Amino acid sequence: MRLRNFLLRVADIHRFVVQVIKHFFMPPYEVREIIRQCFAVGNRSLFLITFTAFIAGIVFTRQSRPSLASFGAESWLPSLVSQAVVRSLGPLITGLICAGKLGSNIGAELGSMQVSEQIDAMEVSGTRPFSYLVVSRITATTLMLPLLVVYADVVALLGSFMTVNFINSSSFALYFNEVATNVTYLDVFSSLIKSAFFGFAIGLVGSYAGYHSEKGTTGVGKAANSAVVISMILIFVIDLLGLQVTNIFRR
Amino acid sequence: MHYPETYTSTSHHAEGERNVVATVRNLKKSFGDREVLKGMNLDLYESENLVILGRSGTGKSVLIKCMVGLIRPDSGTIEVLGQNVFSLNPDELNALRLQVGFSFQGSALYDSMTVRENLEFPLKRNLKIFDKHKLEELVTTALEDVGLAHTINQMPAELSGGMKKRVGIARTLILKPKIMLYDEPTSGLDPITSMEINDLILSVREKYKTSSIIITHDISSAKHTSDRIIALIDGQNKMEGTFEALSETTDPDLEPFFKY
Ligand SMILES: Nc1ncnc2c1ncn2[C@@H]1O[C@H](COP(=O)(O)OP(=O)(O)OP(=O)(O)O)[C@@H](O)[C@H]1O
Ligand SMILES: [Mg+2]
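Going down the list, the protein sequences come from chains A and B.
FYI, in the UniProt record's numbering the residues of the first sequence are 1 to 251.
FYI, in the UniProt record's numbering the residues of the second sequence are 1 to 260.
Treat the hints as calculated values from the structure; they're not laboratory data.
None of the values given here were measured: they were computed from a predicted structure.
Please note that the accuracy of each hint is not assured.
Calculated cross-link-like contacts (lysine-lysine; reagent style DSS-like; alpha-carbon spacing at most 27 angstroms) [stated by the list, open to error]:
1) B/K178 <-> A/K215
2) B/K259 <-> B/K207
3) A/K22 <-> B/K124
4) B/K209 <-> B/K176
5) A/K215 <-> B/K209
6) B/K38 <-> B/K124
7) B/K134 <-> B/K124
8) B/K124 <-> B/K176
9) B/K207 <-> B/K176
10) A/K22 <-> B/K128
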């Protein structure tokens, strides 16, 4: 019985994903709703991302400085920090924050709409709630995550620069020149693509959990909670897979 | 389990020549191990108010959700306006759903939108009406029909339960449905508000010539609105007739309803 339920669930998720992907290639697009959701995504996460990325930049710089100094390789600091931020730290911080912030939000929003039969009401008035509610949200997270990651990278590097600047008053131009020469196109592209996948996963998991939320108010809480947990796990899985793929190109 | 003889012969009915607008035949639905509907039958005639009376949890909501294709039954057939609900493709189903209004038990107003946006939502997204004046006119008419024109810019959270029910009804009326399905329109309301809703149901029929299924366990609402009553007991249509006829029943399942 448990195996059967599990398999049914897998089939259900598969159908959900297929539906979403079909809608990606199937106009009409919900342009207005997508734009609205994009703003909501930015609104909800920008403060937290700024805050954590800035501090992560400072902490990372301060912690790697002594070990570089012990090799007399302090001048490598910008290159080390920039690669760490662009390749890994920026996407990861953004991904996790968005998983927490957006995953729970989407899960709870759609969950309460499901529980109070608002989604059914849209369904019976023939207003295609799936593309309006689900596809627009997933599109928004997929589009916005790469942007947010770029933003997080910049903020983290600023944090790092200010730390360096505080210690040995090196110039802004010099620091970011160093950063620019050390970050490759591959670094940037792979990080953007990876973060688009993060965004897709967050939107998908949140919507699925909300759309299939159990009846009753506890259902909404459960939906929000599982959305966060599962999308966080997925972010690490995607991070790992992304690393493998990028390594193929790096050689 | 038995069901009344009349149901085995389709379409025509003792009442006369009126057209059937919806039929349900031998509908069965279980959730897990729990059998909810065990062979439900009904016919809905043109411009009649059919009340479905039954206790909580007997599957009344499940029945009408099946009728609009929200829940897929395990077996049985449902025809609405001459179309088999479960053989339609998504576009055909949407077209059919435009003609069937569904008033939800919990109103189901979109709580992130104002009353106006709630009513405009199906107009814009289904009928593709974007003209401002046209929208305004349709929205105000529908709200006036339910006596709530003054709430147009309020959020659902600011409305009382009875007002929400009426806005929910307005939101379905705006599409000018041929069939209305009311899921417990008076539950949780005081007797006076209930009476207002009952009158609303009657006036909707007058104005829009709708055929309606009204689900309720409120006996005074059944008395007020029904042309005919079907008692849904233990997942089946146990008995049917006018309010007067059923109120004389001695059936142990049904009698308590009338002896409130
Ligand atoms: N989606 C669902 N999943 C699982 N069980 C369900 C579902 N919908 C309804 N049920 C079960 O079916 C039974 C009948 O539910 P239904 O909502 O139709 O009752 P009802 O007759 O409308 O009662 P009420 O007067 O309380 O609204 C209940 O036991 C309910 O738990
Ligand atoms: Mg019900």
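Hint by hint, here is what the structure shows:
| no. | hint | verdict |
| --- | --- | --- |
| 1 | B/K178 <-> A/K215 | violated, 30 angstroms |
| 2 | B/K259 <-> B/K207 | violated, 34 angstroms |
| 3 | A/K22 <-> B/K124 | holds, 23 angstroms |
| 4 | B/K209 <-> B/K176 | holds, 10 angstroms |
| 5 | A/K215 <-> B/K209 | violated, 35 angstroms |
| 6 | B/K38 <-> B/K124 | violated, 39 angstroms |
| 7 | B/K134 <-> B/K124 | holds, 11 angstroms |
| 8 | B/K124 <-> B/K176 | holds, 15 angstroms |
| 9 | B/K207 <-> B/K176 | holds, 10 angstroms |
| 10 | A/K22 <-> B/K128 | holds, 23 angstroms |
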